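Peer 1: The chain contents come next:
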Amino acid sequence: MLAVDRRTSRMDLIERFPAGKAWATEESLAVARMVQRWSDRELIAKRQTLRESYDELLLPAYTTLTLELGLQRYLWPTKGEEAPDPVEAALTLTLAAEQVGRGDVGLAWLLAGLLAPSAALTLGPDAPTAEARAALEPLLAGGPEQPQIVALVPPVLDLGGDDDAPRFDGRRLQATARRDGEGWIVTAAAARPLAAGGTATLLALLCHVEGDGEPSPAWALIPADAEGVRRGEPILQAGLTASRNAPVTLDQVRAPAAALTLAGTAACQSLLSWHDLLAAAACVGALAAGHEILADWGDNRVIKGKGQRFKDNPLCAGQMADLSQRIALCRPLVLDLAHRLARQDLYGPAGQAAQRLQAQAVAHHVAASAMTGLDHAMELMGSAGYATEWNLERHWRDVKTVQVQLGSAVLGRVAAARHHYDAKVI
Amino acid sequence: LQRSDEPQETALRSIDDITRPLEYLSPIDKHIGAIVRAWADREVIPHRRRYDEDWQDHALIEPAFDKLMGGLGLQRVLFPEQVGGWGLGHSGYLGTASFRMMEEVARADSGMAVAFGVTFWPLVMICVEPHVNMRLCQELAPRFCETERACFAANAMTEPQGGADIENLDLLGGSTITTTAVLDGDAWVINGHKLWPTNSGGVAELFGVVCTTKAGSSAPEDFAFILVPADTPGVTQGAPYQKAGMAADKNGDIWFEDVRVPAWYRACGPGDDFTYFKEVIALGNLGSIAFVSGVLMNVYELLQDFAQRARYDGRPLKEHDAAAAVLADLATDLELTRICGYQYARMLDRPDLYGPRWSEPIVVKGRAFKYSACDRGLTQLGRVMELMETFGADRAHDVEKHWRDLKIVQLWMGGKQLCQMEAARYYYGCETL
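First to last, the protein sequences are chains A and B. Using the numbering used here, the letters of the first sequence map in sequence onto residues 1 to 426. Using the numbering used here, the letters of the second sequence map in sequence onto residues 1 to 433.
The set of hints was computed from the structure by calculation and includes no laboratory data. A quick note: this is a predicted structure, and the numbers were derived from the prediction, not measured. We treat Cβ as the ideally placed atom computed from N, Cα and C, and that holds for glycine. One or more of the hints may lead you astray.
Said to hold, decoys possible - Partner residues aside, some chain B positions facing chain A, computed with beta carbon under 7 Å:
no. : residue
1   : Arg13
2   : Ser14
3   : Asp16
4   : Asp17
5   : Ile18
6   : Gly234
7   : Gly238
8   : Pro240
9   : Met385
10  : Glu400
11  : Leu411
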């Protein structure tokens with residue numbers, strides 16, 4: 001279990017925008033506040049001098065978060081410890097992801113990649129076998145020295161024009177797996193991860209599984225240092241500096257049987273649902289960051305040359321309030337989703353169509369709302385909002401990058417129409 | 001009608017199929033458009049993905065500027081022919097010709113378009129009829145007209161305490177300006193601190209400095225616009241700011257400490273500086289619309305390729321009705337932005353019909369067109385990035401750079417809220433805003 005530091009901290013997202021109190025335990029809230037202080041201390045206090053330095057700011061902070069605070073092991077209790085209750089665990093991780101996103105959305109995106117496979121494996125009704133657990137725990141929970149970074153490789157829009165390529169949700173699967181005795185052979189050519197292809201310790205590739213009767217697709221969990229894994233040139237993106245992304249090639253990489261534990265459509269969708277939840281929480285965190293920056297700006301700027309404080313102008317105040325309302329509306333959505341995904345006894349498996357669509361809808365909605373809120377915050381701050389010095393623009397770039405990687409909301413709505421309106425041919 | 005799931009072979013449209021009011025175009029439109037587009041395709045578009053890392057040094061960016069502004073000579077366009085310019089300032093096509101140049105440069109890189117366009121801002125004050133200052137034109141033209149190198153100018157307006165207040169002329173009348181100009185014999189002595197001018201950060205060779213001859217005054221005759229060569233003793237420029245984008249446009253602090261320039265370096269004189277500075281605002285808004293137009297033009301081109309190549313559910317993205325609606329919206333808003341921009345340009349070119357370029361209706365309508373174009377442009381870029389999914393945030397696909405760059409066009413010159421308030425005052429007669 002986590003060693004929770006229970007001291008109080010500054011800007012309290014949880015109290016200012018309360019939600020989900022009926023579900024959150026004292027332990028969940030204590031973890032959230034601990035991560036809040038980590039965000040204040042390790043990121044916010046240092047970013048003015050270190051900006052977005054990966055080596056000096058982001059990687060050390062991630063290391064502290066995963067190892068010292070222990071989030072990496074949270075879902076993998078050591079022997080003798082009780083596994084966390086799913087609702088408490090889901091709430092705890094969601095509250096933590098909000099606070100990480102408040103400090104740096106890119107780190108929250110890494111956290112989502114790290115925790116989503118573990119959540120899919122441990123928070124559902126079907127726990128992995130002891131054998132699978134023994135094989136997977138070291139990959140996902142790691143040891144005490146090494147922060148684990150997971151690169152998820154989902155299907156993508158096909159730029160190659162191969163209409164016969166296996167697809168999932170209309171997009172091309174970037175990897176294939178086939179049986180090899182008791183284990184698997186996994187292959188991928190310049191596959192594009194969601195994050196961290198250049199630095200990942202573990203690759204999670206959504207594979208087409210070849211062979212009749214095989215449960216396809218499946219997530220293949222492959223150590224990034226496995227023989228046959230190569231990384232390509234860096235992929236430069238609009239934001240998410242914490243994610244050093246690069247394509248990965250797997251040349252006939254051997255994997256044990258347990259590597260494909262998350263197999264079949266529902267299991268694969270389950271991981272994506274948990275990932276969407278944590279990504280949405282990261283976006284709420286970005287809104288909270290915007291709130292803090294704007295609050296400072298509103299107190300300290302005057303307009304119209306008359307000594308009128310920025311926040312005392314009705315137009316500006318209204319825009320500031322709009323951002324706050326977005327937090328107030330998005331937090332309950334995200335925390336409700338955490339509760340839904342954890343209460344699979346009530347709502348069904350996290351990978352079931354209704355759950356998956358809900359997760360996708362919440363993630364798309366919250367990301368879009370965060371983008372609009374941050375857009376407005378930048379408009380209020382003018383050029384200062386655009387300068388790195390004020391630390392707003394990094395959240396704006398990061399959230400946009402998250403939003404596009406969540407997949408097109410327009411195409412997502414097509415899937416929702418299929419489900420809700422039984423629209424079979426679209 | 002037969003419907004086939006297979007796409008029919010149709011001719012691809014190009015940006016030249018997007019509407020422009022042809023009856024408004026300048027006689028040089030075709031030629032100037034062609035040379036700038038060729039320059040953009042050759043000198044910028046193949047290299048622009050590396051510009052973000054070049055934001056401090058401009059090692060890649062500067063040679064491209066040299067070719068556009070010095071080599072092709074476009075930095076001369078505003079000066080009268082007598083001093084080596086092209087005479088655009090008295091051509092009757094200042095607006096429409098400028099719009100074409102700016103959108104073609106912005107198609108490649110809106111940051112370059114800004115740096116290029118802002119060079120003309122201080123020159124507008126002295127090169128455009130009816131307020132040509134021939135003595136200053138003769139004095140300054142050689143810097144721009146007798147070189148193959150790019151020569152930049154900048155408008156030093158914004159100050160630390162005021163943000164958008166300087167641009168808020170109708171409400172504040174320059175009363176918040178703290179940069180002072182004091183006449184000492186036959187010289188102005190200037191003291192003050194400016195932030196954010198485009199082409200600061202060590203780029204500009206000439207500043208147009210907005211200052212006051214009487215601190216706190218809102219009287220038009222106390223508003224002064226004085227030209228200051230950047231190498232004048234007492235001028236200090238800070239390092240460029242790091243920003244979300246716009247690598248080709250450097251911005252920084254400028255300090256003026258007992259800077260002395262000849263008294264005749266004041267652009268138009270008491271009262272007239274205030275009047276004609278509003279023309280600068282109008283042209284700035286025109287340029288901003290052109291930047292949006294140019295960016296949307298290029299994104300339209302990029303989508304022609306991407307939406308055909310990217311396949312969803314086994315078909316090109318553009319053949320899915322839901323995705324096609326997004327593509328249609330972008331093309332539609334490009335049409336609207338371009339038509340609106342050329343219309344405004346023509347309004348600036350025909351003061352006999354629409355009133356002087358510095359008049360309230362022209363300035364306010366420019367602000368309205370500008371903020372509407374920016375909102376449209378950014379909305380469309382955001383939606384396109386989302387449609388492109390993971391590739392939308394990639395440097396390798398260029399759209400994200402346009403999105404990052406364009407954001408500041410919406411933020412500058414007082415931002416959206418100032419535009420809204422000016423529009424409200426004008427259209428609804430608001431008296432207390």
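Peer 1: Which numbered conditions among the earlier hints are violated in the structure presented, ordered from lowest to highest?
Peer 2: 1, 2, 3, 4, 5, 6, 7 and 8
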